[in-house]
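Novice: Model the full assembly from the supplied sequences, consistent with the hints where possible.
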Amino acid sequence: MDSIMMLSLERWLHFLAGITWIGLLYFFNFVNAPAMAQANADKEGPGPAAIGKYIMPQALFWFRWAAVVTWVSGALYIASAGHYSLHGVFTLGIGQGGDHIGLTTIGTGAWLGTIMLFNVWVLIWPNQKKVLGIVSVTDAEKAKARRVAFLASRVNTALSIPMLLFMGAASHGLPI
Amino acid sequence: MNPLDSISGTIVTGLVLAVVLMFLIKALAGA
Numbered sequence: 001m002d003s004i005m006m007l008s009l010e011r012w013l014h015f016l017a018g019i020t021w022i023g024l025l026y027f028f029n030f031v032n033a034p035a036m037a038q039a040n041a042d043k044e045g046p047g048p049a050a051i052g053k054y055i056m057p058q059a060l061f062w063f064r065w066a067a068v069v070t071w072v073s074g075a076l077y078i079a080s081a082g083h084y085s086l087h088g089v090f091t092l093g094i095g096q097g098g099d100h101i102g103l104t105t106i107g108t109g110a111w112l113g114t115i116m117l118f119n120v121w122v123l124i125w126p127n128q129k130k131v132l133g134i135v136s137v138t139d140a141e142k143a144k145a146r147r148v149a150f151l152a153s154r155v156n157t158a159l160s161i162p163m164l165l166f167m168g169a170a171s172h173g174l175p176i
Numbered sequence: 001m002n003p004l005d006s007i008s009g010t011i012v013t014g015l016v017l018a019v020v021l022m023f024l025i026k027a028l029a030g031a
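Chains D and V, in that order, are what the protein sequence lines are.
Numbering (this note's numbering) for the first sequence: 1 to 176.
Numbering (this note's numbering) for the second sequence: 1 to 31.
The hints are simulated quantities; they were obtained by calculation from the structure and are not laboratory data.
Yeah, the Cβ is synthetic: ideal placement off N, Cα and C, and Gly gets one too.
One or more of the hints may lead you astray.
[To be verified] For lysine to any residue, the following SDA-like pairs were computed, each having C-alpha atoms within a straight-line distance of at most 25 Å:
#1 V/Lys26 x D/Gly97
#2 D/Lys53 x D/Pro126
#3 D/Lys142 x V/Met1
#4 V/Lys26 x D/Ala81
#5 V/Lys26 x D/Gly102
#6 D/Lys142 x V/Lys26
#7 D/Lys144 x V/Leu4
#8 D/Lys129 x D/Asp139
#9 D/Lys130 x V/Asn2
#10 V/Lys26 x D/Lys53
#11 V/Lys26 x D/Arg146
#12 V/Lys26 x D/Ile176
#13 D/Lys130 x V/Asp5
#14 D/Lys142 x D/Ala39
#15 D/Lys142 x V/Leu4
#16 D/Lys144 x V/Val20
#17 D/Lys53 x D/Glu141
#18 D/Lys144 x V/Asp5
#19 D/Lys53 x D/Ala81
#20 D/Lys53 x D/Gly133
#21 V/Lys26 x D/Gly133
#22 D/Lys53 x D/Gly23
#23 V/Lys26 x D/Lys130
#24 D/Lys129 x D/Gln38
#25 D/Lys43 x D/Phe61
#26 D/Lys144 x V/Lys26
#27 D/Lys144 x V/Met1
#28 D/Lys129 x V/Asp5
#29 V/Lys26 x D/His87
#30 V/Lys26 x D/Gly23
#31 V/Lys26 x D/Leu86
#32 D/Lys129 x D/Gly102
#33 V/Lys26 x D/Phe90
#34 D/Lys130 x D/Gly102
#35 D/Lys43 x V/Lys26
#36 V/Lys26 x D/Arg147
[Unchecked claim] If you want the footprint, here are the derived chain D segments under chain V, 3+ residues with CB under 8 Å:
#37 47-54
#38 91-102
Specialist: The following block contains the structure:
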């Protein structure tokens with residue numbers, strides 16, 4: 001397989017996994033969290049238990065592993081592409097000389113994506129395990145875990161906006 | 001109040017970050 005084909009497959013996988021990851025992130029923030037709040041407030045309704053038992057574990061499975069595949073396929077792409085290097089991207093092109101805006105742009109997107117991956121595996125998933133009862137904790141610990149997971153998820157939603165701008169702009173230019 | 005508590009606050013935070021980082025990058029890259 002030649003390098004152009006390899007790059008194309010890595011980019012494709014990066015997009016597929018990234019859509020899965022961020023799509024589920026937007027589902028959690030735009031649909032699931034408000035629906036859980038509604039279900040909690042509706043005292044005569046069926047309640048949120050089924051969401052926590054049947055939907056969240058499956059959604060979180062695809063969410064956290066899609067995040068890993070997105071990051072790894074992105075890193076593979078950067079390492080394989082002749083015009084990028086992992087060092088150049090993660091140092092934002094500083095010290096590379098010449099016109100390095102492509103490295104600065106994709107590097108900013110890569111750092112934002114890396115922070116988001118950290119939030120998924122270090123803040124969201126361990127705390128969601130407590131919220132969903134996969135790990136047994138006290139009610140106070142569960143309330144704290146719910147707040148941390150919620151805020152980390154909201155941070156990722158906010159970061160996804162500039163992240164996507166810089167990922168796309170590396171090849172297609174910034175709007176200014 | 002934390003702006004991240006609401007969806008609109010989260011989106012505005014993301015948009016502000018995007019604009020600020022965009023100008024920073026332009027300045028950093030000297031473009």
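Novice: With reference to the structure, classify each hint as holding or not holding.
Specialist: Cross-check of the supplied hints:
no. : hint                : in the structure
1   : V/Lys26 x D/Gly97   : 15 Å, holds
2   : D/Lys53 x D/Pro126  : 16 Å, holds
3   : D/Lys142 x V/Met1   : 22 Å, holds
4   : V/Lys26 x D/Ala81   : 23 Å, holds
5   : V/Lys26 x D/Gly102  : 11 Å, holds
6   : D/Lys142 x V/Lys26  : 44 Å, violated
7   : D/Lys144 x V/Leu4   : 16 Å, holds
8   : D/Lys129 x D/Asp139 : 13 Å, holds
9   : D/Lys130 x V/Asn2   : 23 Å, holds
10  : V/Lys26 x D/Lys53   : 47 Å, violated
11  : V/Lys26 x D/Arg146  : 38 Å, violated
12  : V/Lys26 x D/Ile176  : 8 Å, holds
13  : D/Lys130 x V/Asp5   : 21 Å, holds
14  : D/Lys142 x D/Ala39  : 18 Å, holds
15  : D/Lys142 x V/Leu4   : 20 Å, holds
16  : D/Lys144 x V/Val20  : 32 Å, violated
17  : D/Lys53 x D/Glu141  : 19 Å, holds
18  : D/Lys144 x V/Asp5   : 15 Å, holds
19  : D/Lys53 x D/Ala81   : 43 Å, violated
20  : D/Lys53 x D/Gly133  : 9 Å, holds
21  : V/Lys26 x D/Gly133  : 47 Å, violated
22  : D/Lys53 x D/Gly23   : 20 Å, holds
23  : V/Lys26 x D/Lys130  : 43 Å, violated
24  : D/Lys129 x D/Gln38  : 22 Å, holds
25  : D/Lys43 x D/Phe61   : 30 Å, violated
26  : D/Lys144 x V/Lys26  : 40 Å, violated
27  : D/Lys144 x V/Met1   : 18 Å, holds
28  : D/Lys129 x V/Asp5   : 21 Å, holds
29  : V/Lys26 x D/His87   : 20 Å, holds
30  : V/Lys26 x D/Gly23   : 29 Å, violated
31  : V/Lys26 x D/Leu86   : 21 Å, holds
32  : D/Lys129 x D/Gly102 : 39 Å, violated
33  : V/Lys26 x D/Phe90   : 17 Å, holds
34  : D/Lys130 x D/Gly102 : 41 Å, violated
35  : D/Lys43 x V/Lys26   : 53 Å, violated
36  : V/Lys26 x D/Arg147  : 36 Å, violated
37  : 47-54               : violated (count 0)
38  : 91-102              : holds (count 6)
The structure shown violates the earlier hints numbered 6, 10, 11, 16, 19, 21, 23, 25, 26, 30, 32, 34, 35, 36 and 37.
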